[in-house]
Each structure stands twice: as C-alpha cells, then as structure tokens.
Amino acid sequence: MALLSVRDLEVRFVTRRATVHAVNGVSFDLEPGETLGIVGESGCGKSVTSLAMLGILPKPAGRVTGGSVVFQDRDLLKLPDSELRKVRGRDIAMIFQDPMTSLNPVLTVGRQLTEALTAHLSMDKKEAVKQAGELLDRVGIPAAATRLNDYPHQFSGGMRQRVMIAMAISCRPKVLIADEPTTALDVTIQAQILDVLSTLVREEGMALILITHDLGVVAGVCRRTNVMYAGRFVETGSTDELYARPRHPYTLGLLKSVPRLDAARRERLEPIAGAPPSNMHEATGCPFAPRCVYATQESRERMPELRPIDRHDHLVACWNPVPDADLPEHEIVAAEWEPR
Amino acid sequence: MSIAEAEAQELQLEQPAGLWRDALDRFRHNPAAMAGLVVLILLILVALFAPLLARFGPNQQVGPLTTDPAGPGGEFWFGLDRQGKDLYSRLIYGTRLSLLVGLVSVAVGLSLGLVLGAVSGYLGGWIDNLIMRVMDVMLSIPGLLLAIGLITVLGRGLFQIMLAVGIVNVPIFARLLRSGILSQRESDYVTAARSLGAPGRRLLLVHILPNSLAPVIVQATLAMATAIIDVAGLSFLGLGPADPGLPEWGRILAENASRLESGSHLVFFPGFAIVISVLSINLIGDGLRESLDPKLRA
Numbered sequence: 040m041a042l043l044s045v046r047d048l049e050v051r052f053v054t055r056r057a058t059v060h061a062v063n064g065v066s067f068d069l070e071p072g073e074t075l076g077i078v079g080e081s082g083c084g085k086s087v088t089s090l091a092m093l094g095i096l097p098k099p100a101g102r103v104t105g106g107s108v109v110f111q112d113r114d115l116l117k118l119p120d121s122e123l124r125k126v127r128g129r130d131i132a133m134i135f136q137d138p139m140t141s142l143n144p145v146l147t148v149g150r151q152l153t154e155a156l157t158a159h160l161s162m163d164k165k166e167a168v169k170q171a172g173e174l175l176d177r178v179g180i181p182a183a184a185t186r187l188n189d190y191p192h193q194f195s196g197g198m199r200q201r202v203m204i205a206m207a208i209s210c211r212p213k214v215l216i217a218d219e220p221t222t223a224l225d226v227t228i229q230a231q232i233l234d235v236l237s238t239l240v241r242e243e244g245m246a247l248i249l250i251t252h253d254l255g256v257v258a259g260v261c262r263r264t265n266v267m268y269a270g271r272f273v274e275t276g277s278t279d280e281l282y283a284r285p286r287h288p289y290t291l292g293l294l295k296s297v298p299r300l301d302a303a304r305r306e307r308l309e310p311i312a313g314a315p316p317s318n319m320h321e322a323t324g325c326p327f328a329p330r331c332v333y334a335t336q337e338s339r340e341r342m343p344e345l346r347p348i349d350r351h352d353h354l355v356a357c358w359n360p361v362p363d364a365d366l367p368e369h370e371i372v373a374a375e376w377e378p379r
Numbered sequence: 025m026s027i028a029e030a031e032a033q034e035l036q037l038e039q040p041a042g043l044w045r046d047a048l049d050r051f052r053h054n055p056a057a058m059a060g061l062v063v064l065i066l067l068i069l070v071a072l073f074a075p076l077l078a079r080f081g082p083n084q085q086v087g088p089l090t091t092d093p094a095g096p097g098g099e100f101w102f103g104l105d106r107q108g109k110d111l112y113s114r115l116i117y118g119t120r121l122s123l124l125v126g127l128v129s130v131a132v133g134l135s136l137g138l139v140l141g142a143v144s145g146y147l148g149g150w151i152d153n154l155i156m157r158v159m160d161v162m163l164s165i166p167g168l169l170l171a172i173g174l175i176t177v178l179g180r181g182l183f184q185i186m187l188a189v190g191i192v193n194v195p196i197f198a199r200l201l202r203s204g205i206l207s208q209r210e211s212d213y214v215t216a217a218r219s220l221g222a223p224g225r226r227l228l229l230v231h232i233l234p235n236s237l238a239p240v241i242v243q244a245t246l247a248m249a250t251a252i253i254d255v256a257g258l259s260f261l262g263l264g265p266a267d268p269g270l271p272e273w274g275r276i277l278a279e280n281a282s283r284l285e286s287g288s289h290l291v292f293f294p295g296f297a298i299v300i301s302v303l304s305i306n307l308i309g310d311g312l313r314e315s316l317d318p319k320l321r322a
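These protein sequences, in sequence, are chains X and Y.
Counting from 1 along the first sequence, just add 39 to a position and that's the residue number in my numbering.
Counting from 1 along the second sequence, just add 24 to a position and that's the residue number in my numbering.
Note that these hints are calculated values from the structure, not bench results.
Treat the hints with caution; some may be incorrect.
[As the list claims (entries may be wrong)] Computed Cβ-Cβ distance ranges for the label pairs, DEER-style:
{"#": "1", "chain 1": "X", "residue 1": "Ser195", "chain 2": "Y", "residue 2": "Ala59", "range": "36 to 42 Å"}
{"#": "2", "chain 1": "Y", "residue 1": "Leu72", "chain 2": "X", "residue 2": "Lys98", "range": "48 to 54 Å"}
{"#": "3", "chain 1": "X", "residue 1": "Ala100", "chain 2": "Y", "residue 2": "Trp44", "range": "48 to 54 Å"}
{"#": "4", "chain 1": "Y", "residue 1": "Trp44", "chain 2": "X", "residue 2": "Met319", "range": "58 to 64 Å"}
{"#": "5", "chain 1": "X", "residue 1": "Ala100", "chain 2": "Y", "residue 2": "Gly224", "range": "16 to 22 Å"}
{"#": "6", "chain 1": "X", "residue 1": "Arg56", "chain 2": "Y", "residue 2": "Ser135", "range": "35 to 41 Å"}
{"#": "7", "chain 1": "X", "residue 1": "Arg339", "chain 2": "Y", "residue 2": "Ser164", "range": "53 to 59 Å"}
{"#": "8", "chain 1": "Y", "residue 1": "Leu154", "chain 2": "X", "residue 2": "Met319", "range": "29 to 35 Å"}
{"#": "9", "chain 1": "Y", "residue 1": "Thr176", "chain 2": "X", "residue 2": "His320", "range": "58 to 64 Å"}
{"#": "10", "chain 1": "Y", "residue 1": "Ser207", "chain 2": "X", "residue 2": "Leu160", "range": "28 to 34 Å"}
Built from N, CA and C at the ideal position, the CB exists for glycine as well.
With the sequences and hints as input, model every part of the structure.
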C-alpha cells in the first residue's frame with residue numbers, strides 16, 4: 040500500500056479568455072521513505088502538480104478537474120479545507136524554489152519556525168523555541184540558537200533555504216515535496232543543500248518528491264524518476280535505468296542537451312528543436328510529436344499511454360520509443376552530486 | 025574562549041535589526057523629517073499645556089470691541105481681535121482643536137478604510153467588486169465637496185466635521201491596503217505559509233497585513249495634514265463648528281480675511297499656525313515614505 044497515491048490528476052487554469060491545461064492525468068505512487076524525482080522543463084506542470092496535491096493552487100483560476108490524491112486512505116482533494124490544513128505541514132510539507140522570497144520579511148526566523156510547531160503539535164511557546172533552535176542546528180546553521188531572533192534579510196540565500204527546510208521538517212512530515220530547492224542557489228551551495236536534504240530524508244525516513252529541471256540533481260538524490268512534458272508523465276523508471284536507457288525521445292533529448300565534463304571537445308550539445316506546445320487546447324496526439332524525430336503518423340493522432348518497456352518498472356508513453364541503436368554508448372549524465 | 029565562542033557571543037549582543045528598526049534608523053538620519061518631528065512634538069506640547077502657555081482664556085475679552093484692533097506688541101503678543109480677545113491665547117487653544125481634528129479624522133478614515141481594504145483584497149470576488157465600486161463613486165466626488173455634503177447631512181458639530189473629513193479619506197486607505205494585499209497575497213512566503221498549514225486568518229493578520237502596511241502608514245501621516253487643512257478650509261467656508269467661540273484656526277482666518285487693511289495680524293498668525301503644523305506633518309510623512317521604501321530594504 041503506497042503512502043501517497045496520485046491518480047489521473049488533472050489541473051486547469053480557467054480565466055475568462057482561455058483555459059490552460061496545466062496537468063493532464065498524472066499518476067504515481069510514493070512508498071514510505073522513497074525518493075522520487077520529477078523532471079521537466081519550465082511550465083510543464085511540475086510545480087502545479089505539487090500545489091494541487093496540497094490544495095494551494097492560486098485562486099480563483101487554478102482548479103483540480105479530475106483525479107485523486109490518496110494519502111493514508113483519505114483523498115486529499117475531497118477533504119474540506121480545515122482538514123486539509125492539518126495535513127499540510129504536519130504530514131506533507133513543501134520547500135519552495137526561491138529562498139529569497141519564501142520567508143516573510145517582517146517576521147523573525149524564530150517566529151516563522153515556531154508557527155507550525157505551535158499550530159500542529161500544540162507545543163507551548165518555550166518548548167517550540169527550543170525545538171526551533173534544534174531544527175536550525177540540524178540543517179547546519181551555525182550558532183543556531185542565537186539566530187532565532189534574526190530576520191530573513193540577515194541570512195544568505197543558502198542559509199535561508201536551510202531555514203525553509205527546517206520549517207518544512209519541523210513537524211516530521213511523512214512526505215517532503217522539494218520544488219526546485221536548489222535552482223536559485225549557486226552550485227557549491229546546491230551541493231550543501233542537497234546534502235542536508237538527503238541526510239534528513241534518510242534519518243527521518245521521510246519520502247521525498249524532488250521537483251527539478253536539473254538532471255544532475257535528480258541523478259544524485261532520487262532512486263526513481265518521472266519525466267514530465269506538457270502536463271503528463273512521458274517516462275518513468277529507476278533513475279539508473281532511465282539515464283542509461285532512455286526510451287522516450289524527450290528524455291533522450293534532455294540528457295543530450297546537458298553538458299558533461301568528460302565529453303570530448305568536439306561533441307556538441309544537441310538542443311531539442313522547437314518549443315513546448317501551447318497547453319490552451321486538449322492535446323489529441325503525443326504532445327512531443329511536433330519536436331520529435333521519431334514521431335509517426337500514430338504519434339500525431341493518438342495519445343500514447345504509459346506502458347512497460349524492457350522492464351516492468353520502466354514505463355514510457357511513446358508509440359515509437361528510441362531504438363537500442365540510438366542509445367548513447369555510455370551513461371549520458373553523471374551525478375553532479377554524490378550522497379556522502 | 026575560542027573564536028567561535030567569541031563570535032557567538034558577539035552575535036548575541038548584536039541587536040536584531042528588524043525592518044522597523046532599519047526604518048527608524050533611516051528616519052533619524054533624515055534632517056527634514058527630524059525637523060518636522062521636532063515641530064510636531066512642540067505643537068503637541070503646546071496643545072497639552074495650553075492653559076499654562078495661554079495668557080488669557082480663549083474667549084476672554086481683554087480689550088475693547090473695535091473695528092481697528094491693536095496689533096502685536098506689549099501685553100498682547102499677537103495682538104487683539106475685533107472682539108477684544110487675545111489672539112495668541114486663541115491660537116494656543118486652537119492647537120488642541122487642529123491636532124484633535126487631524127487625529128480623529130485620520131483614525132476614522134484609517135479604521136474604516138483598513139477594514140474595507142482588507143476584506144476587499146483578501147476575499148476578492150463580488151465583495152471586492154462591490155466595495156471598490158462604492159469607493160470609486162466616493163473618489164469621483166471632489167473631497168471637499170463630499171465633506172460639505174456629509175456635513176449637510178450630519179450637522180455642524182466639531183465631531184461631525186471630523187467624521188466627514190475622515191470619511192472622505194476612507195477610499196484612499198481602502199484602495200492602498202487592497203493593492204498591497206493583492207500584491208502580497210500571491211507572494212511566495214504566503215504560499216509557503218499556506219503549505220505549512222497556516223489558517224486563513226493567520227495568513228492575513230500575520231503574513232499579509234504587516235507587509236502591506238508601509239504605504240498606508242505614510243498615507244495616514246499625510247492625510248493628517250490634509251485633514252487639518254480641510255477642516256480649516258471648511259471653517260473658512262463657514263461650514264465649521266457651529267459654536268462661534270471655538271478658536272479654530274480656519275475660522276479665525278475666515279472671520280478676518282475680508283478686512284485685511286485693519287488687522288493683517290489676524291490673518292497672518294492663524295495662517296502661519298496652519299502652515300507650520302501642516303508642513304511639519306508633511307515632512308514627517310515624506311521622511312516615513314523614504315525610510316519605509318521597500319527598495320531600500322537590505
């Protein structure tokens with residue numbers, strides 16, 4: 040029994056002028072303690088998927104139009120907001136992309152940290168402050184107890200992201216969703232933050248959903264990876280398998296467009312031609328077909344479903360998967376970051 | 025003691041420099057704003073200790089009834105008015121009225137405006153539409169005209185006038201707060217707080233409101249200055265408090281403006297009082313605007 044089970048999630052943004060089909064039938068299961076990556080380019084629906092799961096889509100345009108998000112036998116999408124609020128932060132917590140804007144500038148870090156503790160665990164003030172100090176210490180902030188009275192602008196970007204992580208794990212959630220947690224940080228800080236994240240996830244036995252467009256980050260952290268395109272998962276499998284034998288042309292394209300240090304000088308990066316489709320209309324064929332060199336007549340006319348290829352846990356939504364001959368000889372992306 | 029320990033101690037000693045503290049620091053280094061503050065504090069002291077500072081009662085007749093009142097000098101520092109009352113004493117007592125008028129009318133405008141703006145910005149939808157259209161209608165009527173209309177309805181007491189001037193300010197505060205809330209509502213830290221399970225009430229009061237208040241505070245100071253002018257202007261137009269004995273600056277100005285040739289001091293001194301009080305408050309408002317500017321935040 041999966042801890043979190045998302046089925047056919049559909050999200051639309053409805054405005055007077057148009058309807059944006061942001062997420063179109065996303066399904067996945069998350070086991071306790073699992074690390075799951077969701078990769079895809081900007082605007083493919085990664086973040087919207089996670090916001091929809093927690094019921095915090097921007098109102099009034101964003102709405103969930105179908106599917107279910109079952110967490111511990113309860114469909115989160117059917118819960119009244121007062122119930123869902125208890126799940127947020129306590130059972131499922133989230134870390135956001137930009138640490139510079141994700142903390143309230145007028146509250147001390149201590150107050151923001153104790154917020155969830157007093158709300159969800161009904162701790163008293165003193166206890167919460169003590170706990171907050173310990174949390175900051177755990178995410179590696181030096182002189183943690185002395186910094187509780189500081190304001191966010193007194194922290195650097197990396198330190199702020201550590202504070203965000205401390206806030207997210209404060210109630211020991213069972214699922215942690217990290218939405219591009221390192222995108223706004225420089226590379227050395229990235230490695231530190233990922234280090235903190237994966238250590239915590241391992242120690243606490245939390246399940247992690249890591250949302251990113253950085254294939255290197257996923258390679259280091261996640262055991263399983265979903266590749267998302269135009270609001271759908273197009274390929275899913277173990278990270279190793281996916282990187283060694285990408286079957287969806289989009290996955291292959293993504294991997295080929297990442298530079299690597301050990302590549303020969305002459306090897307050129309291959310960008311994916313074209314641009315993602317407009318999601319104003321319901322797609323009929325494979326959404327990647329217009330940019331795909333493997334596209335067939337069928338691709339353009341019928342939507343491919345995820346189905347197993349090679350192995351039972353490697354699924355691909357493609358009518359004409361990348362043939363063996365076109366697979367790269369060696370693994371294309373090396374992990375930018377290795378867990379300690 | 026190791027270096028780390030020493031550093032930790034230093035960190036502890038260091039005062040947490042909050043945003044408001046930063047703003048205060050910047051305000052303190054703004055000479056114009058500080059000058060305004062000094063003048064305002066003096067005015068407040070004058071208002072508080074009026075009976076000690078005034079040489080006579082505000083309605084005490086100390087000279088003859090005359091069409092050619094005595095000018096400044098001797099016992100009567102600012103001269104006498106046509107009823108033989110000491111102008112200096114009247115102006116001193118008038119300070120109380122003007123500051124009261126500024127405070128009360130801003131309090132009225134601010135409290136109504138904040139509630140309407142917060143409801144409008146946070147709830148949105150048809151409530152927002154309704155409130156904002158009413159505010160638009162109020163804004164489309166010139167402020168002084170609206171105040172005159174309200175006074176006609178409410179009556180000519182001092183409190184009614186403050187209420188009227190306050191109500192004129194409501195749409196300005198409501199709009200300011202609403203726009204602040206709209207820009208903060210979708211901000212990352214609000215989404216983050218929501219993702220941690222903060223309830224709606226808390227989101228509004230703890231996260232959104234404090235971050236939208238800075239422009240409102242600035243506007244409140246400036247509105248105070250305008251309120252003083254408005255009430256003086258209404259009195260000048262003959263719509264001031266019905267009681268003729270009230271030493272309202274605008275009324276004193278109005279009573280004497282038509283006969284400048286005999287007793288120009290009766291126009292100069294009340295006019296000057298209005299100017300310095302309004303100027304000092306405006307300087308403070310401008311200083312606040314600069315020190316609370318989010319672009320200057322570290």
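Ala100 (chain X) versus Gly224 (chain Y) beta-carbon gap, inside 16 to 22 Å or not: holds, 18 Å
Distance restraint hint 48 to 54 Å, applied to the beta-carbon atoms of Leu72 (chain Y) and Lys98 (chain X): holds, 50 Å
Cβ distance range 36 to 42 Å for Ser195 (chain X) and Ala59 (chain Y), holds or violated: holds, 38 Å
Arg56 (chain X) versus Ser135 (chain Y) beta-carbon gap, inside 35 to 41 Å or not: holds, 38 Å
Range hint 58 to 64 Å (beta carbons of Thr176 (chain Y) and His320 (chain X)) holds or violated: Roughly 59 Å apart at Cβ, these two residues keep to the hinted range, so it holds.
Supplied distance hint 48 to 54 Å, evaluated on CB atoms of Ala100 (chain X) and Trp44 (chain Y): violated, 35 Å
Supplied distance hint 58 to 64 Å, evaluated on CB atoms of Trp44 (chain Y) and Met319 (chain X): violated, 46 Å
Range agreement (Cβ of Ser164 (chain Y) with Cβ of Arg339 (chain X), hint 53 to 59 Å): holds, 56 Å
Verdict for Leu154 (chain Y), Met319 (chain X) (Cβ pair) under range 29 to 35 Å: The hinted range 29 to 35 Å holds for Leu154 (chain Y) and Met319 (chain X), with Cβ atoms some 32 Å apart.
Range hint 28 to 34 Å (beta carbons of Ser207 (chain Y) and Leu160 (chain X)) holds or violated: Given about 32 Å between the Cβ atoms, the range holds.
Going down the numbered hints, you'll see the structure goes against 3 and 4, while the others check out.
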